[in-house]
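As given, the protein sequences belong to chains U, V, L, C, P, E, W and R, one line each in that order. If you want the working numbering, it's the position in the first sequence, counting the first as 1, plus 6. If you want the working numbering, it's the position in the second sequence, counting the first as 1, plus 6. If you want the working numbering, it's the position in the third sequence, counting the first as 1, plus 6. If you want the working numbering, it's the position in the fourth sequence, counting the first as 1, plus 6. If you want the working numbering, it's the position in the fifth sequence, counting the first as 1, plus 6. If you want the working numbering, it's the position in the sixth sequence, counting the first as 1, plus 6. If you want the working numbering, it's the position in the seventh sequence, counting the first as 1, plus 6. If you want the working numbering, it's the position in the eighth sequence, counting the first as 1, plus 6.
Simulated from the structure, these hints should not be mistaken for laboratory data. Worth double-checking, as some hints may not be accurate.
[Said to hold, decoys possible] Restraint ranges, calculated between C-beta atoms of paired labels, are given here:
{"hint": "1", "chain 1": "V", "residue 1": "S164", "chain 2": "P", "residue 2": "D41", "range": "42 to 52 angstroms"}
{"hint": "2", "chain 1": "V", "residue 1": "K150", "chain 2": "C", "residue 2": "I14", "range": "24 to 34 angstroms"}
{"hint": "3", "chain 1": "C", "residue 1": "P28", "chain 2": "R", "residue 2": "R38", "range": "45 to 55 angstroms"}
{"hint": "4", "chain 1": "E", "residue 1": "E160", "chain 2": "W", "residue 2": "E171", "range": "46 to 56 angstroms"}
{"hint": "5", "chain 1": "W", "residue 1": "E178", "chain 2": "C", "residue 2": "I14", "range": "44 to 54 angstroms"}
{"hint": "6", "chain 1": "L", "residue 1": "R25", "chain 2": "P", "residue 2": "R181", "range": "13 to 23 angstroms"}
{"hint": "7", "chain 1": "U", "residue 1": "R175", "chain 2": "W", "residue 2": "E171", "range": "32 to 42 angstroms"}
[Said to hold, decoys possible] Restricting the straight-line Cα-Cα distance to at most 25 angstroms, the calculated cross-link-like pairs of lysine to aspartate or glutamate (DMTMM-like) are:
{"hint": "8", "chain 1": "L", "residue 1": "K32", "chain 2": "P", "residue 2": "E178"}
{"hint": "9", "chain 1": "V", "residue 1": "K32", "chain 2": "R", "residue 2": "E182"}
{"hint": "10", "chain 1": "E", "residue 1": "K32", "chain 2": "C", "residue 2": "E60"}
{"hint": "11", "chain 1": "V", "residue 1": "K32", "chain 2": "V", "residue 2": "E160"}
{"hint": "12", "chain 1": "C", "residue 1": "K150", "chain 2": "P", "residue 2": "E160"}
{"hint": "13", "chain 1": "U", "residue 1": "K150", "chain 2": "R", "residue 2": "E182"}
{"hint": "14", "chain 1": "L", "residue 1": "K32", "chain 2": "L", "residue 2": "E159"}
{"hint": "15", "chain 1": "U", "residue 1": "K32", "chain 2": "U", "residue 2": "E159"}
{"hint": "16", "chain 1": "V", "residue 1": "K32", "chain 2": "V", "residue 2": "E171"}
{"hint": "17", "chain 1": "R", "residue 1": "K32", "chain 2": "R", "residue 2": "D151"}
{"hint": "18", "chain 1": "W", "residue 1": "K152", "chain 2": "E", "residue 2": "D151"}
{"hint": "19", "chain 1": "V", "residue 1": "K152", "chain 2": "L", "residue 2": "D151"}
{"hint": "20", "chain 1": "C", "residue 1": "K32", "chain 2": "E", "residue 2": "D24"}
{"hint": "21", "chain 1": "E", "residue 1": "K152", "chain 2": "E", "residue 2": "D41"}
{"hint": "22", "chain 1": "E", "residue 1": "K32", "chain 2": "C", "residue 2": "E178"}
{"hint": "23", "chain 1": "L", "residue 1": "K152", "chain 2": "L", "residue 2": "D41"}
{"hint": "24", "chain 1": "P", "residue 1": "K32", "chain 2": "W", "residue 2": "D151"}
{"hint": "25", "chain 1": "V", "residue 1": "K32", "chain 2": "V", "residue 2": "E169"}
{"hint": "26", "chain 1": "P", "residue 1": "K152", "chain 2": "P", "residue 2": "D41"}
{"hint": "27", "chain 1": "L", "residue 1": "K150", "chain 2": "L", "residue 2": "D41"}
{"hint": "28", "chain 1": "V", "residue 1": "K150", "chain 2": "V", "residue 2": "E45"}
{"hint": "29", "chain 1": "V", "residue 1": "K150", "chain 2": "L", "residue 2": "E60"}
{"hint": "30", "chain 1": "P", "residue 1": "K152", "chain 2": "C", "residue 2": "E160"}
{"hint": "31", "chain 1": "W", "residue 1": "K150", "chain 2": "W", "residue 2": "E45"}
{"hint": "32", "chain 1": "V", "residue 1": "K152", "chain 2": "L", "residue 2": "E60"}
{"hint": "33", "chain 1": "V", "residue 1": "K32", "chain 2": "C", "residue 2": "D24"}
{"hint": "34", "chain 1": "E", "residue 1": "K150", "chain 2": "W", "residue 2": "D151"}
{"hint": "35", "chain 1": "L", "residue 1": "K152", "chain 2": "V", "residue 2": "E169"}
{"hint": "36", "chain 1": "P", "residue 1": "K152", "chain 2": "P", "residue 2": "D24"}
{"hint": "37", "chain 1": "P", "residue 1": "K150", "chain 2": "C", "residue 2": "E60"}
{"hint": "38", "chain 1": "U", "residue 1": "K150", "chain 2": "U", "residue 2": "E168"}
{"hint": "39", "chain 1": "C", "residue 1": "K150", "chain 2": "P", "residue 2": "D151"}
{"hint": "40", "chain 1": "E", "residue 1": "K32", "chain 2": "E", "residue 2": "E163"}
Glycine included, each C-beta is placed from N, C-alpha and C at the ideal position.
There are 8 protein chains.
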Amino acid sequence: MQQSERRIPQIGIVMGSDRDLPHMEKAARFLRNLDIPFEMTALSAYRCPDRVREYGLSALGRGFEVVIAASGGTNELACLIASYTTLPVIGVPLRTDEGEASVSRELAALLSTLETPAGIPVATVGFNAVINAACLAVQILGVKDKRVRARLEEYRESRRAEETEKARRVEEAAREHHV
Amino acid sequence: MQQSERRIPQIGIVMGSDRDLPHMEKAARFLRNLDIPFEMTALSAYRCPDRVREYGLSALGRGFEVVIAASGGTNELACLIASYTTLPVIGVPLRTDEGEASVSRELAALLSTLETPAGIPVATVGFNAVINAACLAVQILGVKDKRVRARLEEYRESRRAEETEKARRVEEAAREHHV
Amino acid sequence: MQQSERRIPQIGIVMGSDRDLPHMEKAARFLRNLDIPFEMTALSAYRCPDRVREYGLSALGRGFEVVIAASGGTNELACLIASYTTLPVIGVPLRTDEGEASVSRELAALLSTLETPAGIPVATVGFNAVINAACLAVQILGVKDKRVRARLEEYRESRRAEETEKARRVEEAAREHHV
Amino acid sequence: MQQSERRIPQIGIVMGSDRDLPHMEKAARFLRNLDIPFEMTALSAYRCPDRVREYGLSALGRGFEVVIAASGGTNELACLIASYTTLPVIGVPLRTDEGEASVSRELAALLSTLETPAGIPVATVGFNAVINAACLAVQILGVKDKRVRARLEEYRESRRAEETEKARRVEEAAREHHV
Amino acid sequence: MQQSERRIPQIGIVMGSDRDLPHMEKAARFLRNLDIPFEMTALSAYRCPDRVREYGLSALGRGFEVVIAASGGTNELACLIASYTTLPVIGVPLRTDEGEASVSRELAALLSTLETPAGIPVATVGFNAVINAACLAVQILGVKDKRVRARLEEYRESRRAEETEKARRVEEAAREHHV
Amino acid sequence: MQQSERRIPQIGIVMGSDRDLPHMEKAARFLRNLDIPFEMTALSAYRCPDRVREYGLSALGRGFEVVIAASGGTNELACLIASYTTLPVIGVPLRTDEGEASVSRELAALLSTLETPAGIPVATVGFNAVINAACLAVQILGVKDKRVRARLEEYRESRRAEETEKARRVEEAAREHHV
Amino acid sequence: MQQSERRIPQIGIVMGSDRDLPHMEKAARFLRNLDIPFEMTALSAYRCPDRVREYGLSALGRGFEVVIAASGGTNELACLIASYTTLPVIGVPLRTDEGEASVSRELAALLSTLETPAGIPVATVGFNAVINAACLAVQILGVKDKRVRARLEEYRESRRAEETEKARRVEEAAREHHV
Amino acid sequence: MQQSERRIPQIGIVMGSDRDLPHMEKAARFLRNLDIPFEMTALSAYRCPDRVREYGLSALGRGFEVVIAASGGTNELACLIASYTTLPVIGVPLRTDEGEASVSRELAALLSTLETPAGIPVATVGFNAVINAACLAVQILGVKDKRVRARLEEYRESRRAEETEKARRVEEAAREHHV
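Kindly produce the complete structure, drawing on both the sequences and the hints.
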């Protein structure tokens, strides 16, 4: 990793609450492994709407290329930031707190991230899919930077090798232990 | 109706788009019948977030006692206004445009209005339930003004009379025409 | 808190069963913190419909300004009270008993609270959203009493400070521990 | 049909609104065909709760053996009557008004009829299943009256003959017209 | 309880598997408390369709007045028995095995019990609502036997007394412990 | 096509009602195009359970290799036949009658076909997917008969050619008419 | 069982990940009990699409008669294999990892297996229904091999005997312990 | 618009069928208005998997920066292309053919686009949200090209002006015609 890349974070990650940190750490690890500089903070869309507004308005000026917004409630965070910037915004619907999990909360998170008005898209990934949010952000950076794309190709290759190993384990289990 | 009441609108009605006007006209008629002064406008939460912000911040100063926010997409409009004011905000999930109706859009509208973070409530009514939104707004005004409550009691009484008439029609149909 | 306020409860809280008490205690704490006098009881809508009827008919006379009705089954409690009073009624769909949680029960609670007939609104909040039910009740009281609204503004301000602290924690975690 | 049976209606049919009459006419026709005396009226559970109460309390005294309650909103009508009588109550969730049909309204009607508290059962039939509501009512009368059961057996037999005819039509279509 | 009543079971209870016994024991206890003679067995609708057929065909001859059919999968058991008898059949959708609980399985159980063809009704009660299945069966027996109805009235009265006690507990908790 | 193949139908198609014929004609056409002999009839699972039983018990003896069962209600037809034969049974959930379409009916059809007990599988295809039911039946026949498989390969090849043509049309539209 | 049968696996089982092995072992045991030779491997549809392609293209040549494809995400595995072969492909939607279970993931697995384009059927079984996937595969082999069908009949017979035993246990529990 | 930009399409649009063209024309118009060169074709993921593979493998070499994949069934098209390229892939779940619209088909399209395995993200937009798919694609291009971002800002500004006009219309309607 080059120092210079480090200094200007290319990806801004915001989450609805510090309780979402365990989820978002997985995204952070993914980005570090691919050597992508990023920044993380917490923002509550409806409790502090003005801070969300400032975040959205300043995102471009701070050098971000992409924003990832994750939230366990209805994902107004992603949508509100998207309404203040023309940077691509990736939304991740999360299950924040297992004890209060409910069908209505899950669907609210999922659908409210997807169903934005025409002209204000949010690139939505699956429920809790923080790795895919980070991966998509890197693929978007790859549009500009060929070295980033090369790192992604390496990552994919290593995943394929893992898959071959998984196949070997299953085949062996079937043969040796007669499953 | 007294002129003086008219001059300061007690209820602010906002809708996501001018396409929602046919729905909201029913609410408007309800309010006029009960002689409640109100004001209506259209606001797109994510296309013009700063106008929504101004609306929320100025609602109290303009004399509103309650705000009704209706939207056919995810109802960030109600939530965003609620985040800028401590006035009670009533949210109505709408089906804006029949031709594009979908299950995911309906559930998104419904659940995103309901599932706001703790401390930022939105008083949600049923899908397309614009009469109930207006009626709830008037019931809230009744907390302050006994004459309003009296008018609501009259309205309820008239509805009960209509119901008695409906019952008579059904009973007659069953008897005379042997259904 | 002034004694005089205490004596006449402004908010009536009813729940479907004493099993709902742990949920409703959170609402009670919220109201005490904001110094709002209230009363609580349990009522089973369909097992004791006449007691619900009496509750609804007497609510205004007892000095209530708002009623909060919470129930873990279909929320006929909120609707039935609403049919006997023109006070604003807030409905909270609850998950009463974790061991019997089911999708149909959750949707039944949610949708039966929302889908009341025109003219009988129930101000519905999210699933298990007892804090928001209490907060909405206080916002409605604020329509009449400026001191209540001032307390709400303070509450919001304190929440915003908490959010800033959360953001600081997340940013620090990202920096110091390299997430 | 004997006159004496006619005079005391054995089944009470209530519907939420006179708009439900086209649906309930099918049930009425079914009962007339099997020569079962019945009575029909309209009752709005939440607009006229006291009339619903009286209906429930007087049902036994009026000679009803079974009550059928049909409603297009949340089916509090069936539940509320069930809470005032120990007669069997059959609930039919209806779609009243096609123009306002919505998923949330359909699920609300269905689930609110089913999910009653323990001790207050409502015998629920499928969405819009008015024939089955009437048929179930007659099957319940058959518990007491063997002649009613015999008529049901005849009805079933005639349906079976119709089914054989349907099969013949399909088989012929496949053979002659090569489908 | 009279011996003679005991000898001829009035209610036949069938369940899809012996794993459903813990659920159905609650129904059995309810019936014993009201002194209603019944019989229980297990039948797998699709594994032993001929035994289900025999059960349905012989139900009337064995003296049953009502059949309760409970099943954790799709409730073909209730429907298939209903297709072989004109006795009223009550269907209870169950969650058999917590470890394999899924949304699709719950909805399959619920909807397949409700959605029977016209002329073959199944009186459906809520998910896992075994008490209501038993209670509904007794209400149907009450159509024929006034003493049974009297016992149901006593049962309801005792439930109302319990509810009053619950209310007292909640009110006390609110007062004494300041909730 | 050889005459001898024609005489013994290899596929038995049953539908719940003659109203399903327009749907099933598409399956019939598919089979004729691939020159597969079949037979069609209508059977109402719960109205004529004994005819369904006979169908299931005789299916093997009549020379069927596969059975396709289609139904617009809950698909007990497929399941019940499957319980009487060890032939592969393909289930197609249908929407029979557009005017009464409902979410609960669609999910009931879909889930009741899928959720059969262990040991009684039904090979389920998508909602209204009659072509796929027929195609799957032919693929199963192909396990035994190489000529059938060859015809399937030809069919696939012709579909691929159609797809290439579709692509050409879209590309042309984009180029010439500037979309 | 003949040795020669053993050597050429008749059923190919693929799963999305080695984490699915505990589920698929149940299918494997079922096949061993009925003495059907099979092979198992793991394939990630989107991580290694070319290996899935090769699997589909070579399935016929390797002697498979049926393929079972199981996956915990969207079941593109079954569909993609089905697009490369005219062998019957059975799809099993799985819940892979309990900790991340969600409604959207369950419905995605279920519906994406069912909803394939016309001409590319996947024989879908219920959620987690691995026994039924294996059983259906054997029923398909039975189309070609009468001895396999005979073994299936024996298996069914033994299941029926188990059901009779279950019924006995329930009846005894009801009698002796008075439930 | 510069000619040179025109020659190398920056966005590849694929749709599942030529029936999707009316939907995708809206996306095409959006791109032309912002002067973004693109290419369109139709690909059936499961009918022609090898053509999808080639499309994915060649996308980078043909100069695409982003791919938009739209499909009315389960959106394997987006996922499969995403598995063959590290370019960002945007998925649009569509309702292709109104006549066969169903809840299961809508949810299948939506959820199968979202729920891809970790490492293979698809940037999903709402149901039928073709404008947002195009807009997101342009926002991604804006990461590389400042002039594109400037055009997006202009577009947003013009939308805001339209919104102001809508608000004016609603306010006028409320004032002049007294709604």
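Kindly indicate which numbered hints from before are broken by the structure, ordering the numbers from low to high.
-> 2, 10, 13, 24, 30, 35, 36, 38
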